[in-house]
Every structure is written in C-alpha cells, then in structure tokens.
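Given next are the chains, with one letter for each unit.
Number of protein chains: 4
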Amino acid sequence: MNTKLLEARRDLYKSMQEQCLAPLWESLHNLVPKQPAPPYAAALWRYQDILPHLLRAGELITAEEAVRRVLVLENPAMPGRSSITQSLYAGLQLILPGEVAPAHRHTQSALRFIVSGKGAYTAVNGERTTMHPGDFVLTPSWNWHDHGNPGVDGVAEPVVWLDGLDIPMVRFFDAGFAENGDQASQSVVRPEGHSFAAYGNNMAPVRTVHKERKELGSPVFSYPYARSREALHTLARNEDIDAWHGVKLRFINPQTGGAPMPTIGACMQLLPKGFSGLRHRGTDGTVYSVVEGHGSATIGGQRFAFAPRDTFVVPSWATVSFDAPEDVVLFSFSDRPVLEAMGLLREEFLPD
Amino acid sequence: MNTKLLEARRDLYKSMQEQCLAPLWESLHNLVPKQPAPPYAAALWRYQDILPHLLRAGELITAEEAVRRVLVLENPAMPGRSSITQSLYAGLQLILPGEVAPAHRHTQSALRFIVSGKGAYTAVNGERTTMHPGDFVLTPSWNWHDHGNPGVDGVAEPVVWLDGLDIPMVRFFDAGFAENGDQASQSVVRPEGHSFAAYGNNMAPVRTVHKERKELGSPVFSYPYARSREALHTLARNEDIDAWHGVKLRFINPQTGGAPMPTIGACMQLLPKGFSGLRHRGTDGTVYSVVEGHGSATIGGQRFAFAPRDTFVVPSWATVSFDAPEDVVLFSFSDRPVLEAMGLLREEFLPD
Amino acid sequence: MNTKLLEARRDLYKSMQEQCLAPLWESLHNLVPKQPAPPYAAALWRYQDILPHLLRAGELITAEEAVRRVLVLENPAMPGRSSITQSLYAGLQLILPGEVAPAHRHTQSALRFIVSGKGAYTAVNGERTTMHPGDFVLTPSWNWHDHGNPGVDGVAEPVVWLDGLDIPMVRFFDAGFAENGDQASQSVVRPEGHSFAAYGNNMAPVRTVHKERKELGSPVFSYPYARSREALHTLARNEDIDAWHGVKLRFINPQTGGAPMPTIGACMQLLPKGFSGLRHRGTDGTVYSVVEGHGSATIGGQRFAFAPRDTFVVPSWATVSFDAPEDVVLFSFSDRPVLEAMGLLREEFLPD
Amino acid sequence: MNTKLLEARRDLYKSMQEQCLAPLWESLHNLVPKQPAPPYAAALWRYQDILPHLLRAGELITAEEAVRRVLVLENPAMPGRSSITQSLYAGLQLILPGEVAPAHRHTQSALRFIVSGKGAYTAVNGERTTMHPGDFVLTPSWNWHDHGNPGVDGVAEPVVWLDGLDIPMVRFFDAGFAENGDQASQSVVRPEGHSFAAYGNNMAPVRTVHKERKELGSPVFSYPYARSREALHTLARNEDIDAWHGVKLRFINPQTGGAPMPTIGACMQLLPKGFSGLRHRGTDGTVYSVVEGHGSATIGGQRFAFAPRDTFVVPSWATVSFDAPEDVVLFSFSDRPVLEAMGLLREEFLPD
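So the sequences go chain by chain: A, B, C and D.
Each residue of the first sequence is one higher than the one before, starting from 1 at the first, in UniProt numbering.
Each residue of the second sequence is one higher than the one before, starting from 1 at the first, in UniProt numbering.
Each residue of the third sequence is one higher than the one before, starting from 1 at the first, in UniProt numbering.
Each residue of the fourth sequence is one higher than the one before, starting from 1 at the first, in UniProt numbering.
The hints are simulated quantities; they were obtained by calculation from the structure and are not laboratory data.
All C-beta atoms in this analysis are idealised placements derived from N, C-alpha and C, irrespective of residue type, glycine included.
Check the hints yourself; a few may be wrong.
What the hints assert, rightly or not - Computed footprint of chain B on chain A, listed as stretches where at least three residues anywhere in the stretch have a Cβ under 8 angstroms from a Cβ of chain B:
no., region
1, 190 to 203
2, 220 to 229
3, 236 to 242
4, 245 to 256
Said to hold, decoys possible - Just so you have them, the derived chain D footprint on chain A, three or more residues with Cβ under 8 angstroms:
no., region
5, 43 to 55
6, 73 to 84
7, 173 to 181
8, 315 to 325
Claimed, not checked - In silico EDC-like pairs for lysine to aspartate or glutamate, Cα to Cα no more than 20 angstroms straight-line:
no., chain 1, residue 1, chain 2, residue 2
9, B, K273, B, E292
10, D, K34, A, E179
11, C, K34, B, D182
12, D, K14, D, E26
13, A, K273, A, D240
14, C, K34, B, E65
15, B, K34, C, E179
16, A, K14, D, D49
Here chain A stands alone, though its shape is the one from the complex (with noise of 0.2 angstroms):
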C-alpha cells in the first residue's frame, strides 16, 4: 500500500475514533476465529496445598466478617478475574462447627459438592439438606439460601465444599440482582427431605391449590451421593462403559430430563479400575473434583495426576482424557445448558 493510501487511512481512522466508529476489517480475524482459542488454561489445584490455607483463612477470618470464607480457584491465565473459565467461577468454602452463613438470595446459580467432612446443611426457601461428601446440592436462581455447621449425632467437624456458580455469565450479561434477608438464618418451614419426597423419587406432587412452578431450576435440590454413587456402580457391573466417559451419568431435573438449573449441567462419572479412556473435547470448559481414587488427566497432551479432592479444569476445546489405575469417581460441571441453548455446543470424540 503506498504511503499516501496509509496515510488516508489513518485520517479516516482518527476521525472515525471520535464518532466511536472502528474499522472492521482490521480485526475481523480476532473477532472470528477458526476455532476456539480460550484465554484461560488447563490447571489442577491440589487439595493438599489448598487445605493449609482454607484452614488458615479459618483462622483469620470469622464467618461474621466473611460473608464466605472461600478460596475462589482463579485460573491461573486470568488472574483477578475470579473465574476458573470465562463463564464459571468455583471456590473451596469452609465452614467451621458452630458457623452460620446467613440467609440471601441472588440471581445467580450455584451449585455445592462436598467435598470434606460432615454436620453442615445447606437450607433452600426454608427447608435443609444435611450434607455428606459427595453429595451434589442446588441453590438454584434467585432462592433464598442460607448455611450452617450445627453437626450431626452430636459431633461438628469443619466442612468443605466446592462451590460451583454462573458469575461471571450473569455479569457478561449484566443481568444480577441480589438482596439479604432480615434475619441470620431462614426460618425452617419445611422438615428436611420434603422436596425429595415430593420430587426425588419419579412423581410429582398433584395440589389442587397450587401455583405452577415457574421456575427453572430442579426442585430436587440434593442429589445424595449413596444414590449416585450405587447407580454408577451397577451400570459398571452391567458392562455400559464408555470408551470416552467409563459410566457417566449427567444430574437432571426430573421435571423437564435437562440440567438441574438453565446455567449449570452436572455430571458424575466411574471410571472402573484399569481404565484408559480415549481423547474427546467440547466447547464446554469444565470444572472436575475428584470423589475417589487416584489417576490422571491428560488435557492438551499434559498429564495432571490427581488425588481424592484435588479439583482441575479442562478448557473449552481442549482433548481430555483419563487413565484410572484404581477406582475413580469424578464430579464435573460445566456451561453445557447455555451452550445448548444457544446452538454452540460442538463436541468431538476421538477415535484413538
């Protein structure tokens, strides 16, 4: 180009700037790539190295003045964005006997999974769930929720859980909304197990008053792991292992056969001792904690070994596959719903 084209160029450009005006065609190619080229990276977060400073958080930070005692997992090629992919976010929380985290609620999802100790509960609109490790608990959109760590059959001992949410999307999209309750603790409106029994067990509860549940989210809100983890252990038994996904089972809200909540799908996955999976990728960055057993990951061709509540993160895109020398049991999570609906999810399974 000569000089004097150059030169009109960047008049016109300048002039441009000032009407908020930018030329398009000098960055077409950023705008619409060939491909998925995610700015965060492949990581593992080891449970032993996060557990000295979960417990010295503890330490230095009362549950009054936190709000949440959390370890957010910042992916290490986006620091200070508080997100693990660019539209999930997830932090360990701890919560000591005796705590209380008190009741709001938000227009985020979120999701928990224990991933140590018992004697906590989580409470939805009144009604509580004690958990266990491995249990998978909603607190779905814009549902007051509140936490506690009373114990149970009389010993307390500190909890820890992964929390999974939509942040970062629900700020893309600047669409949250959040708001505090008048007292530290809902009250309790509901025995624990109601919202099991009324929806956990494929039926649904037929009112003759009732309102219609508008809402997206899952009315099960704990899917204990004693269930999860004896369904994957019978479909092994019976041989339906996945060359890619060993026995994987996705988390559905039993009133639609989607995910648990319209942001968030959740699976939990076996993978039988001695099993080496193949290579698949989607474009639904995912976020895995460990339930059970030792192994490895090898994501992009780097190998992660892991252990038992060690949590990694597999970008958008990126091959992912799994050897399993003993029995492993993953969690994972993922933006999979909004991929769906939005007509971009894009999956590949390859052949070796």
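Place chains B, C and D on chain A using the hints.
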C-alpha cells in the same frame, strides 16, 4: 309442521341416505351435548368376589392356551366391549408358579399394578424386574415384553396384577399393530436394575455413541412401592394434605416430567386416617386399585365401600370424594395425558 | 377339548358375567390385531350429487330451525354414526344470503374449508373473517363463533363449506361441553384482519399487560387460499416435487410450529399436471376436499375419479396414490396431531 | 483491625496467590451486585455523521481487501472491545454496486437490517433474497452466506445495512468456529423466494424423505418490511396501542414461536403520531435502528433525539421511554432469548 313439509323432508332424507348423507339438524343436540354424559357407569369389583374366578380360571385355562389368563373388568353399562371406561381396558391377571407368558409387542401401552403375591417378573426389552405388591410396572408401546413366575428366594406363589391398557383408544384410532416373538421368553440382555440405575435416580446416562431415545414411554419401567410409599408417608408427616386428594403423587417420566406413557397417566395417593375429602370431578374417567386400608368412595352420590385389592372406576365428570377411617393408599390410572394433549381436560373442585 | 372342560368353562363364564368379568383369552386376538382393520371404508362424495340435496335442504329447512343446515358425510360402512372416520366428523354446510348462524361455543374443535361461493363470514371471539373458496378457517375449542352471509361488494350468493370436527373423539373421551350465546351474532369487538396482522406474518405481539395465551388452537384462524396457492405454485416452479405428495404444505400454528388445532391437522397439496404419485399409507384416516382440477385417487387398490369440490376419505392404513392429468389442488385433514401425541402415528412410503 | 492481623492476612494472600487462590471475602460485593451496573453506556449514532465515513471507506477500502467493509459501532464506554453492549456487536456495512462479499460461515449468528439502498442480496445456503430498506434478514449460525450488489431493475446504488451479531457471546463462551468457502459466491441452488414459500405463510413443507431440521435458526431468513409495516399499521388502526411499546411485534421462528435465532431476538414497533410512552427497563441491553420518523428516546433520564437511519443503544436495566411527534417505526434487537433460556430476564414497567 304441516304434513306436506314433513313428507318432503322424509323424501329428502331417503334420497340423502342413498348418498350416505345425514341431516345434521336432526342429531345436532346429541352430537354436541351440554356436558359429558358417559355411556358407562361407576362400579366396584371386590377382590374377594373376583379371586375364586381367577383361581378357577387357573385350573381350567393353561398358560400356554390362554396366552393371557386375565379376567377383563367390563363396565356393567357396556357389556361385551372389553372396556372399563370408553377409552381404557382393565383386567386382573393371574400367573401361577412356573408359568411363562411369551414375549410379544404391540402398539398398545400397558401398565401392571401388582395386587397380590411375589416372585413374578415382567421383562421389557430384555431386562427383567421382579414385582412386589404395590409396584407400578410399564410396558410402553411397541416394547417387547414377557412375564414369568419363577418365584423368589425359593418361594413361589400365585401372583395377581391389575392390567391397564389403552386398547379401546388404539382401536378407536385404528392404529393397532402387534407381533409375537420367536422365543417363549426374551433373552435377558441386561441385568435386573439396569434401567433404574440409568434413569431412576434423577440422573440420566451420558454416552458417546447412543441413539437418542425417540420413545414417548418412560425409560424407568418399574416404580417400586417401597419408594412411593415412603414418599407419601414423608409428605403426610409434613402435613402437606390436600382437601380433595390427601397426599397425591403422579408418576412421571423423568426425561420429560410428563406422564410415564403418552396415553395413560398414573398416581398413588395416601388418605391419612380420618381423612374426609371434598368432592371433585374431571373429564378423565379413572380406574382405582386399593393398595392399603378400608374406606369408601362416594361417586356421583353413590357410596362404594372398599377393601384392599378392590378395583373401582369413576366415570368422566362424575363427582368423587373419599373417606378413610384408617390409612388408605390408592393407585389410579386414567387417559389424562391424552385429554391434556387434546386440550380436553377439565376439572372442578367443589368447595364442600 | 373334552365336553367336561367345555362345560366347566361355560359355567365359569356365566358366573363371571354376573360379576362383570369377561375372559380375555376368548377375545385377545380381536383386541390386539396384527394391523389396523378399520370398520369404515374408502368413499367419495361427488359435489354434483350433493348439491341438489343441499339446495333442497335450503328450501325445506330454515336457518333458524336448523341451527346448522349441514349434510353429514356418513361413512357408508358406519351408517347412523355421524362419522366419516372413527374419529372425525365431516359435513357440507349451506348458508344462504342473509342468513345468520347464531353464536355458540363447544369443546369440539372445528374447521371450515370453503367449497363454493363468496360473501359469508365466520366470526371467532368477536372478529370476523370473510371467506373465499379455498380458505381454511378455524374455530378452535371453546371459542365463541358464529356465521353469516351478508354478501360482499353488493353481491350475495349461497355459500357452501366443508365442516370438519372432532365430534367422535370428544364423544369417545366423554369430554364435551357446549353453550349458546345470548345474542344471534357476537358483537364485533375487533376489525377484520386483526388476528392475522398480529400473528400471521411470522411475528407476534409484544404487550406489556397481557394474559398469556393458554389455548392450544392457533391464533391465526384464517389461512387465505391466495397465500397457500401462491406458496404451492412457487415451490412447484422450483421443482420441489415429492414422489408421493407432489408439493405438500401443512398448516401450522405459528406459536408452536405444530398443528393449528390439537386434535386436527390440515394440509394443502398441489399435484402438478402429469403427476403420477407413488403409494403411501398411514394410521391417520384422512378426509380430502378437491380444490382445483380433475384427477384420481387409488385407495386400497380402488380408483376414485374426482372433480373440484368432491370429498373423499382414505381409511387408516389403506394405501393411497394420486394421478393428476391436470394441475390438481387438494385440501386434507386428519387426526394426525392426536396420533403423534399418543405415539401412534405410523407411515409407510412404498417404493413403487 | 490490628496491624498483626492485617500482616497475617497479607502473608496468607501472598501465599494463596502463588497457588492461584483468591480471597472471596475481599471481592464478594463486586461479584454479586445488588442490581445491574453495566460497564457500557447509552449512546446514539447519527446516520448523517456516519455516512461520510462509510463513503470514504468505500473509496479507501476495496471489497476484496476488506472482506467486510463495516464501521463497528463501539460503545463509547468500552473502546477497543468491538461491542455495542457486553454481549452484542453492531456495525454499518456498505456494499457498492457490482461488489461481492465472498461466501463463508461461522458459528456466530448474524442479522442484517437494511438501512438504505436497493439492489443488493444476501444468499443463505444457496438461496438469495433481494433486500429492501426495512427488511430483516438472517444468517443463522453455521449457514453459508454471501452478499452482492448487482442492482435491480437496471439500477444499482450503494446499499447500507446494520449488522447485528453475537460475536461477544461466542467469544465469551469460547465456542467460535469459522470457515471460508472456495468460491467467491455460493452457487445458487434454489430460486429466490423458495424458503419463504415453504415456511413463511403459516405453513410448513411435508416431505417424504427429509432430514429433520436440527437448526435452531428460523427457516424463514427474510422478513420483508412490506409485511411488517402493514401489520403494524393494521394493529395501530385497531387502536391496539400499548402505553410503553406503542404497537410492537417480535419476529418469530414459525417452527417454534420463539426467537428467529437462539442468541438474538428482534422486534419492530410503531409509535403512532403523538405517542408519549411510559418508562420501562429490562436486563436485555437493546440496539435500535430508526426506520421511519423523527422522535426521541429518553434513556436513564438522558434525552436522545433521533432521525431515520440513526442507531442507538439502551443498556441493561436503564429506563427508556419514547416520544413520537410523528409516526415513528423502530427496529430493535437484543440478547433476550439467551436471557430467557438462562432464567435471567427481568423487566419492569413503570406506571408513570
């Protein structure tokens, strides 16, 4: 009307008849009634009256000969129609120890509700489920199914279940197909419990290579009474009692939240001791089977006392209310999902 | 079988009958047939044979007296049943200049397909639509509707349309309600064309305060032939010809993409000059009205020549194929959406 | 807090940072805001200010070189982000007589709203649609598309349209793929008007052999202004005026009744002469293009006067109201269908 006009009309009608034409103005009031006036009646069959006939049929009719040893509950107002309502078929089937009912499939959807005895199984698509009293078992449209009674734990006893089918609907819409298998029983291709592990725990399988289920029937084909009973009692303890229904749960297809089969809906309800319900009515004629307890149903003003294992039918738009001097559990099924799909479901809950 | 056994069975049957019990083993083969064997027949009604009767009815039956001056097309194999298939009703209605058919509503869904004449209207919920030959007009379930023939542009002529209703279905499911309005005609509350402007152009209204439409029927209640005809010819010019159907379009409810009414589907198809179609069959018995052209339908091997305004019926599972020595346009309707909802639609396209 | 505690925390934070852990308690208030506080601003671009730059770009940038000669409307509060809201991209594209924009496809969904000039076309999957001012044209995700400006009726003129894309969403979810075709233009495989004939008239094709459309985008890819304008004026004559919206229609996918593309919704509204609307707000940040008339929008208390062809943006949760001293027609688009799918759409209509 004068004689001449009457004659002229008679001539017209006669000439029309030859052309297969009929005068609407003579029949409109019948074709478009003010409200439902079903040609069938409320009725109750006492199990103690049926049982001797069932046992006698067990002597006179071999399993091989009979294909199905079933006493059809024919609505007293529609003899010879093999129907309990205009759209539904119901019958009580006896299967003796050691008997086998060979594999077949048909477009008719069927349910089995176990009334008495243990040790029999239903197999659907090569997977067996052992049946216990109170279990609700499906054989959805065009699924291979067979039955047998090998006994369980070394004990074999006669087993009786209530069959519910959409035979009259399929006949009315002229859409019935059927096919016999080439073996007495299906080969068992999956261990018992597989489908329930895969779909029954608020989870669903994730497979890399899978045909999407296109069937409208639920992948959970056995809903064990152990779970439904516990759910009902949990809700009753929580005092979640409806003035018309007591505690009522509908069985769902966990893939959709809708009815377990597209043509038949089913519910289980607990009327706690002392319950005296209000009257309601709906356009879905409904068949009830008494699971536990003695009580009474007042149908269109007529009182029917019932005992465990009795069957009764409530016609479309007849009022019904229940009284339970002791804890009562009722199973029921109707054509409700079809009425909903057609926009023809109407219900009324009377205030006293 | 020996005499003794036969007698024992006879005794059992007799005793069962008193209890309203019937032996399934004696009737199973009829209840679950190998394939559909409808009790009704293929038939064709020539408009030229019907017209004299219609006109004669116009003389002998006043509009006031008749409420509806309709000649019911009764299937020749089911006399007295007021049905053209087991599930559908069809009739030809005559409305003379100046006549009015008073407002009423019923749970039965109705369609009007205009066969001859101009200047009549149907009003649905207070909005009139002027009808032209080939127009497809709906009066969905429980909508107030009335008709009149005031003429148009100063010209008034007799108008004939084909009525299609789900009367037999509503009767079978015992779900019919009806109500007469207190005025001869509804008050006109919206100008003609309102609903089409609101819903007919691939757009839908956005209102701040609005009750969500809960009706299953289409908000577009008139589908003008001018548009359907042009669409068919455009596609035919583009050579988008199906070997079985020619060019075939189904009418949709633009709010769902599904059938215009939950119980009745309708289509319009163009068989271009020279078209000789292949045979197909389906479980939805179908009523056809000839809009344009002479041709023939071969139904279950029997050839029926047709001319404009003729009506014919193809039974469930009977093969049908079409021949068109000149451009032919056919309108058709069936119970297809109900069969789809029930999982009972089956189709077969024969290769020659 | 005492110095010692502060120091202890600083030590903890530092040590956490090395492990990619961040303290939630320091940032929670930002992550979960009380209500939306979007980082972008209300803004208006006058067409008369943009046009000179567009024409100058027409001189300096050839079509071949530019691939896309588009001026991106960058939100003034987010320079360098190529975004008009956080989730949407908008730009004005110029195509000169004789130019061709080569075929490509990408997962990004795009809309074209024609602002000025006649004679250009967009082709989607081998079918062209000639564009006129006010037409709304889609190129849904992963559909091949190209453009050209051959003129019409012997006249060729510069054509300008508004591009709306979900580029920021696809980037945020890391789900973008793109591919160039191997020809400058797609081969024309179907005549113009084919898709509209097949899907645009409240009808849909019935084909014997057809792949079910799995795409989420509308099969109608051109919504002509002739129809939308007439619909709006018909409803305005019927005085169906909303106090906030005037007469407003949303474009639908006639196969679902939902938005034309899964990520972008679009509307057209008429503000009749003299209309002075009430304030409303929603979580869907919205881009408007003025089709006809002069008027003003008051956004978050700030008044923006507008003229035909101007573009303006209303941020999430900012109030907006309109005044129309003459008939005004506005086109608008937003991320509303995604917010609905995520359960994040919230709206408020203020009473004065």
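Hints, verified against the model:
1. 190 to 203: holds (count 10)
2. 220 to 229: holds (count 4)
3. 236 to 242: Since 4 is at least three, the answer is holds.
4. 245 to 256: holds (count 10)
5. 43 to 55: n = 5 at 8 angstroms, threshold three: holds.
6. 73 to 84: holds (count 7)
7. 173 to 181: holds (count 7)
8. 315 to 325: With 3 residues close enough to chain D, the hint holds.
9. K273(B) with E292(B): holds, 12 angstroms
10. K34(D) with E179(A): holds, 7 angstroms
11. K34(C) with D182(B): Within the cut-off at roughly 15 angstroms; holds.
12. K14(D) with E26(D): Distance of about 14 angstroms is within 20 angstroms: holds.
13. K273(A) with D240(A): OK: K273(A) and D240(A) at ~14 angstroms, within 20 angstroms.
14. K34(C) with E65(B): holds, 19 angstroms
15. K34(B) with E179(C): holds, 7 angstroms
16. K14(A) with D49(D): With Cα atoms ~14 angstroms apart, K14(A) and D49(D) stay inside 20 angstroms; holds.
When the structure is compared with the earlier hints, no violation turns up for any of them.
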